[in-house]
Amino acid sequence: MEEFTIPKTFKAAQLVEYGKDLKIVEIETPQLQEGQILIKVEAAPVNPSDLLLNGGNYPAGKVLPAIPGIEGSGIVVQLGPNVDNVKLGTKVAFTSHQNYGSYSQYTVTTNKQVIPLNDDISFELGASSIVNPVTVLLMLVETQEQGAKAVVHTAAGSALGRMLVRYFQDSGIDVINVVRKPEQVDLLKKEGAKYVLNQTSETFFQDLNALATQLNATVFFDAIGGSLTGQILSQLPNKSTAFVYGLLSGQPISDVTANDLLFKSKTVKGFWLSTSLHKYNPYADVNARKKLNELLKTTLKTEYANQYPLDQINEGIEFYKANQTQRKILIRPNQ
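This note's numbering puts the first residue of the sequence shown at 1, with every later residue one more than the last.
Keep in mind that the hints are not guaranteed to be accurate.
What the hints assert, rightly or not - Straight-line alpha carbon distances no greater than 27 Å define the calculated DSSO-like cross-link-like pairs of lysine-lysine that follow:
1. K62 - K112
2. K321 - K181
3. K87 - K23
4. K301 - K181
5. K91 - K20
6. K91 - K62
7. K239 - K301
8. K91 - K112
In short, the hints are calculated from the structure, not lab data.
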């Protein structure tokens, strides 16, 4: 069995106070508990959910001070007691566990929060293989279970949105992409999007109603929340379902009418990766894992604008805040 030298301490970016810059600190390597594994972190992205977490607006279960970073990729270098489904030296994608996150040289997670990566998947590709790709995979499963032939998606110019339009259209599901900026329309058209609507248009709701009726779009994935959720749902066919998976507006869901709920059989549900895992998911299902590894290089591929060492993480986060439509950024803790 391959063995690794485990350091007594390692460098990490620590969240001490919500809304403030992260602090680079040296922390002691913890003693692993049952079911835990130690990962040497090679790459970790900054997602919109990471910004929410750093601002105190995401239920990550952390107690400050804590290490943020929701997902990443790396190598398994140590196993805790009773871990038999993961081998030392395995290249994995992972999600964070308790107070440990991916913005550190090493991190602790559980054997149920890792997905083995194929040898031909780089750490860069593998770093963003869960939050967005697995969400998109399970969104399609949900859509198919609903029997829908078309969906509506807000914040469609995001990295997840671009993945969704590629994956859904390849799977025979039409997507009505909703954006806010003209450049996002062009961005999605380059991805092959058939239908893109700008929500700032004076005829947006009229156009949405006509297109949703034409395509029978009965599933709505909403990343924004606020009043837009109810306003868009009101334009969709009877028996439509809104799945709210994001909090970008920072506002409570509103404008959902009793008329829609009572007489048009419309529903509003939450869709969060942590609680919406179907049986067909890459954590547990071998076929789903195989499919994810295949698609990470093509349809579910993530591209990055910049990469930053751990010491420059605050600079990277500020760049990402100002340029979220462009591409993600990547933190490289051991470079």
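Checked hints:
no.: 1; hint: K62 - K112; verdict: 18 Å, holds
no.: 2; hint: K321 - K181; verdict: 16 Å, holds
no.: 3; hint: K87 - K23; verdict: 32 Å, violated
no.: 4; hint: K301 - K181; verdict: 23 Å, holds
no.: 5; hint: K91 - K20; verdict: 32 Å, violated
no.: 6; hint: K91 - K62; verdict: 26 Å, holds
no.: 7; hint: K239 - K301; verdict: 33 Å, violated
no.: 8; hint: K91 - K112; verdict: 15 Å, holds
In summary, the numbered hints that this structure violates are 3, 5, 7.
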